[in-house]
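Visitor: Take a look at the letters that make up each chain.
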Amino acid sequence: MTGTSVIAGMMKNNSNIDRAPCLSSASHLARPKVIARRLSPLFGLFLLLFLFTAVTTASAESVLLQHAIVHTVSGETLPHGSVLIQSGKIVGVFDETQPTRITYPADATLVDLQGQHLYPGIIALNSALGLGEIDAVRATQDTTEVGDYRPDVQSWIAVNPDSELIPVTRANGITHAEPAPQGGVVGGLSALIALDGWTTEQMTIKHPVALHLYWPSMELNTTPKEKFKDESKYKSLEDQAKERKAKFKALDDFFLEARAYARARTAGNSDINPPWEAMLPVARGQIPIMVHAHDVREIKAAVKWAQTNDYKIILAGGRDAWQVADLLAARQIPVIYESTWTLPQHDHEAYDVHFRAPELLRKAGVKVVFGNGSGSFDAAMAKNLPYAAAQAVAFGLPESEALKGLTLYPAQLLGVADRLGSIEPGKEATFFVADGDILDLRVNVKRMWIAGHEVSLESRHTRLYEKYKNRPRPK
Amino acid sequence: MPRCPLHNEPELITKPTQFNRGFLLGIFALLLLVCPCLLPAAPAELLPSGFRPVPPGVHALVGATVVVKPGEVLDSATILIRDGYIEKVGKNLTPPPDARVWDMKGLTIYAGFIDPYLTLGAKSKSAPAKKQLDLTAGVKFLGVNPQERDAGTEGPGYEVARITPERRAAQTFSPDAKSLAQLRELGFTAANVTPEKGIIRGTSALVALSDVEPNRAIIKPDVFQHIAFDLENRKEDVYPESLMGVVAVVRQSFFDAQHYILDQADFHKRPFGRARPEFNPGLEALIPATEKKMTVVFEPRDALLVDRATRMAHELNLDYFMVSSGQEWRRPDLAKAAAVPFIVPLNFPVLPKMPQPDDWQQVTLDQLRAWDWAPENPAVLRKQGLEIAVTTYGLTDKKDFRKNLRLAVDRGLAENDALAALTTVPARLCGAENMLGTIEFGKQANLTVVEGKGYFDPEAKVQSVWIDGRFYRIPSDEEKESKEEKVAKVEEKKEAVAKPVTPEEGDPNRVKPEEKGKVTTTAKEEKSKEDKKQAEKEQKLAKMKVLQQRVAHSPLEGRGVLASPPGVLIRNATVWTCGPTGRLENANLLIISNKIAAVWQEKDASKTSPRIPAGSLEMDGTGLNITPGLIDCHSHSMILGDVNESTLTSTAMVRIGDVVNSETPNIYDQLAGGLTVANLLHGSANPIGGQNCVVKLRDGETPQGLKFIEAPQGIKFALGENVKQSNWGDKIVTRFPQTRMGVQTFFANRFIAARQYLKTWADFKKSGGPPPRRDLELEAIGEILDGTRLIHCHSYRQDEILMLIRLMEQFNVKIGTFQHVLEGYKVADEIAQHGAGGSTFADWWAYKFEVYDAIPQNGSLMRDRGVLVSFNSDSDDLARRLYLEAAKAVKYGGTPEEEALKFVTLNPAKQLHIDHRVGSLEPGKDADFAIWSKSPLDFQTVCQQTWIDGKKYFDLSLAPARTAALARERDDLLAKAKKLNALSNGDGGSDSSSDDNSFFNLSLEHQYDGHIRHCRDDEE
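Note that the protein sequences, when read in sequence, are chains A and B.
Under my numbering, think of the first position of the first sequence as 1, with each following residue one higher.
Under my numbering, think of the first position of the second sequence as 476, with each following residue one higher.
Note that these hints are calculated values from the structure, not bench results.
Hints may be right or wrong, so weigh each one.
As the list claims (entries may be wrong) - In the DSS-like style, the derived pairs of lysine-lysine whose C-alpha atoms are separated by at most 25 Å in a straight line are:
hint: 1; chain 1: A; residue 1: K235; chain 2: B; residue 2: K710
hint: 2; chain 1: A; residue 1: K225; chain 2: B; residue 2: K672
hint: 3; chain 1: B; residue 1: K1078; chain 2: A; residue 2: K229
hint: 4; chain 1: A; residue 1: K229; chain 2: B; residue 2: K828
hint: 5; chain 1: B; residue 1: K811; chain 2: B; residue 2: K1409
hint: 6; chain 1: B; residue 1: K873; chain 2: B; residue 2: K1015
hint: 7; chain 1: B; residue 1: K873; chain 2: A; residue 2: K227
hint: 8; chain 1: B; residue 1: K1012; chain 2: B; residue 2: K874
hint: 9; chain 1: B; residue 1: K828; chain 2: B; residue 2: K1007
hint: 10; chain 1: B; residue 1: K828; chain 2: A; residue 2: K233
hint: 11; chain 1: A; residue 1: K446; chain 2: A; residue 2: K475
hint: 12; chain 1: A; residue 1: K300; chain 2: B; residue 2: K811
hint: 13; chain 1: A; residue 1: K225; chain 2: B; residue 2: K710
As the list claims (entries may be wrong) - Counterexamples of contact, computed for chain A against chain B with all Cβ distances above 12 Å:
hint: 14; residue: Q114
hint: 15; residue: G183
hint: 16; residue: V185
hint: 17; residue: L251
hint: 18; residue: G268
hint: 19; residue: A329
hint: 20; residue: H348
hint: 21; residue: V443
hint: 22; residue: R473
On a predicted model such as this, the values are computed, not experimentally measured, just so you know.
Ideal placement from N, C-alpha and C gives every residue a C-beta, glycine not left out.
Okay, chain A solo, but in the shape it has when bound (with noise of 0.2 Å):
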């Protein structure tokens, strides 16, 4: 990393995001604009106090922000950093130590961070965010369609863009979140959105991102016959066994049934069948699919699959994933584990296996990201997600891989690492203020800006606080 930036030619074209809303908070406004002309930060604080009033008609479109702790993430962290960014566009990391001169357009906003933590913003992977708003409020859930075979299902048109959870995800530094289509065999397609935007449109930045696939359950049902409410229902375990290959087999047939289909297209049938049409860029190998499966029999089943077959697979959930650690590692399988915070589910496992286990999958080499599950209530608490990193680094993972799959692997696995992830020149504007460690449960996320955009750090939960905390004491 230089101390210098090359302003020219690093825009790249992101006429694909389109501006959010700049959503200005009270504080936002209050902070004072500082704009200077080739600033050095030896003359800053002088010529800070110098322009402190000054009025610019200059555009805003530059913004240098300053004296930050700069978690780059793809490199080293810079204890005084100072970014650069244009257009939402990041265009300038700077080490503050280095006497190379930092250069910046005349008309930038200084924006001082006050030595607090500078992070590229967290991905959630395989989210209901936006999908599911009240866990108990059938109405607000749009989460799970029916039937076992739906890839034409597409999270992303069904986001609510004013559910409440979102702000207050983003309010601890989750910026985008990959809604997935719950249930079934083939789930549907899911997509990347920003947390961020005034409409689903606006919100997508890149579709579909995977296609989801919920492993059919290995797992055998070994309730005793007279346990049974209706003993019609029980099935021994040999049946048990037969059904359960009858169902890997549909599911093996339906992928290959996608690639005759696309073969077909490209030698020029036009019958648009919408289910196959959807599994197109499956079956070409544009997209991943990502594999939901904890125990270690689907596990290891879906990855004999894939091989076998050649699927490009991203294990999301992963329970078990840490017994088959050297496997996934030789077929660069990344997983999305998603129980860190899961009780032991075997009787003679360790009572931390599931807050070691990140550490042991990235040591045989494997790439972790974080989830934190699926569900309406894991949407809720989307907000925790840095937390089941962080519990993973007090039982041994380095503290940079968790970071690390917290932002740029996750963006990485779903192909936007070019513009997401990590806080590099070229790289969309897309980064928190914290008050401290973000894996720390005691700081706080102060500034948020998504694709250059501040964004407010508002939600339901700062209202409500702000209200009652009002509310007149008794006399």
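Position chain B against the provided structure of chain A, taking the given hints into account.
Guide: Only chain B this time, still in chain A's reference frame:
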């Protein structure tokens, strides 16, 4: 074997009598003198013409090995039977001239076996659905007539349908001949037939297993009253649905019976001027047990419930004994403490065949342990000094009985004990020791005759049994007969002549003449068959050998106290006292015995180092943080069975304390998060839930040993969506209340009822009159009114919080805590003014409509307004991480760190009124503390050690070895299982039926392992 050519029965050997008649007469005369009571012998009943005549009743069984009683064996002895009783036993006896003489050489004769716990199977599996009745006996809580979901009890009876003490096995005994024959085949001659459904089930009857009319078969009616903690036949929505409900119902029933006695007596004394007492056949039938005139048999169905049954029996002053659940190996100490005989079923789990090798991963260590321990359980019970009787009860296939008994013997049960378990013990338990159990003069002629090496060789056939002096031939097993014998038998059949007819005529296994060709196969075929048999035999032996060796460890191993030094001194640590001295850097903590002796800073010159007991443990605490043991004010861990008794609107009578689960691995998981105390609460399915139980996480202790005895009693209340069943589906809409209006109405109703209840008792104590009924529901609510029971109320919305405050103030009741209280921040002033505590989540919200306004600043805001605040888990997982939940108060509400830590230490202690004992590190308090690698609020902190009462229960450095030991044990068990399966040739297990998944039965203690239980779920 010599055969009498005149006799058509190949196995009945009669010898012509050759004794001197005069000698016999002399003996007879002597007998007359010695025991005139046995005379005159009744002449055999003469049946009407056409009936098969009753055979003569005098028999001499000559030449057998007679096991008179366990440990007393007579070789080649004679037994004389006369008209159903044993006239004489001894060596060198001369059979009387009127006796039919049976050559019993080579046979072993035991006193007839007794099954003390025989259920004969319900005739029809499910009773037809009851139509809605207008007038029923029953609990009136489940909806307004005619919408109630509990159809009630038809006709007079106890108000809970599954309490049927009035049922008598003696009245319904009408067995089918097949099941009797099956039992005789195992050597049984008598059985105590037990009613098999319900909670208090009715009385059993001791019967002879003979093919006679029921009147004659019954030896003794109403032997025991039977109680089972039975959850299997419960009905949805009908009280009681939960285990704790079942226990509560039993308790109430006996109190009702006690009251019934007094009330009836009072009425008889002065039938004028008072209301007529009710007639209740159920209570009427409970009177003998209540007055200790009848023994109660408990079937606890679980190792821990043995303790519950024992305590209940003492509480209710009952004579009792137990039916083993087969699980006592888990906690032999509890069985020992029961100090009563156990009736032991021998239904051992059968090893399953898993479809794929990988499928073994879903088999738990506990299941493997249960399988491996099962055959040893009878010996385990004996080792506790307990008497046992064995039963065929619980066996899917009763034919497994002998094989399993042998296995139990191989696994440490002495043969004499096993024999006693079949004879003398059940005879005495059933109060029939003067009739049955030994082969002695005057007893009923019930005998079990076994070939070969005797009963404990499963290959040795039971040749016959005698019941009340009548001979019952056991159907012969063709497979085991040699070809020669078979041919001989066929020959015999051919030359059939007139002979004495005996009841054994209808033997289905007898080879018919036309089958002769089938029997006489070629020698070659026979040879290969023999080889196969031999191979099978060897395999069986090899299997036996593997089965004989226990691999499993006791689940108590590696658990419990890790260190118990006389004192502990930790130097130079950061000590978060949570007391007035705050957080002390470079401080020392001294524990003496189970109490905190001192906390001081080295630099504090005013404090000299106190005296440290010899043998104390000294630790360098540099870099470490020490906090009080964490306290979870809202937990559903460590509860056996359901968390909710969700049927009735008020279940104030059910007690979590009845169902504390000391065996869940969750205790250890939570200790590893620094937790030392948990407030175990009933769920929130009804406005007035059950009574809570505060426990210390003393892993390895008994359920009683976990209890924080000094903690005041409390009760769970609940408001809002759960109690008005908002999320229970559209069909469940009839239980009152269905609105928040009704919730208030309901509470007012119960409190007024309780006030009247207290007044009734006060009046009675002052001025007498008809004795009031003890009502455990109103008694508990009455204790709230008396101020001796704390309310812990699940609540969300501000209006309902305010409602309860105002309503309770009308009754002069101060609420202990509001639980969850997610809108507490909206009415914090009112809560503070009332003086209730607020035990909330750090940051849960939006899981249902009433928590849409929940905010993570709630705790801090309430605290700022003067409410005593704690953070709780309400989750088996979150309870492991309460220290980090506390950190969230710093984040969202700006609560100072030391105050935030109090949210999970001192404040919950205060809320539970146990702060004089725990919650802070102050001299004189219990030595409950946790040691951390960093600040407890730092995400990188890891709990190093957890101590309770000065004893170490968790140590991070020992955790890996513990896990390794468990993994190793599981591997060993799996190896054993696989070896056995290999020996079964993959044939599906010769000894397993494919439907028998008993192996997978989860014990109650481990039913919820790995599951998170909280009262957020509507059905929990």
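Visitor: Are the hints correct? Go through all of them and say.
Guide: Status of each hint after checking the structure:
{"no.": "1", "hint": "A:K235 to B:K710", "result": "holds, 24 Å"}
{"no.": "2", "hint": "A:K225 to B:K672", "result": "holds, 18 Å"}
{"no.": "3", "hint": "B:K1078 to A:K229", "result": "violated, 69 Å"}
{"no.": "4", "hint": "A:K229 to B:K828", "result": "holds, 24 Å"}
{"no.": "5", "hint": "B:K811 to B:K1409", "result": "violated, 44 Å"}
{"no.": "6", "hint": "B:K873 to B:K1015", "result": "holds, 19 Å"}
{"no.": "7", "hint": "B:K873 to A:K227", "result": "holds, 20 Å"}
{"no.": "8", "hint": "B:K1012 to B:K874", "result": "holds, 18 Å"}
{"no.": "9", "hint": "B:K828 to B:K1007", "result": "holds, 23 Å"}
{"no.": "10", "hint": "B:K828 to A:K233", "result": "holds, 20 Å"}
{"no.": "11", "hint": "A:K446 to A:K475", "result": "violated, 35 Å"}
{"no.": "12", "hint": "A:K300 to B:K811", "result": "violated, 47 Å"}
{"no.": "13", "hint": "A:K225 to B:K710", "result": "holds, 18 Å"}
{"no.": "14", "hint": "Q114", "result": "holds, 18 Å"}
{"no.": "15", "hint": "G183", "result": "holds, 19 Å"}
{"no.": "16", "hint": "V185", "result": "holds, 20 Å"}
{"no.": "17", "hint": "L251", "result": "holds, 18 Å"}
{"no.": "18", "hint": "G268", "result": "holds, 44 Å"}
{"no.": "19", "hint": "A329", "result": "holds, 20 Å"}
{"no.": "20", "hint": "H348", "result": "violated, 4 Å"}
{"no.": "21", "hint": "V443", "result": "violated, 7 Å"}
{"no.": "22", "hint": "R473", "result": "violated, 7 Å"}
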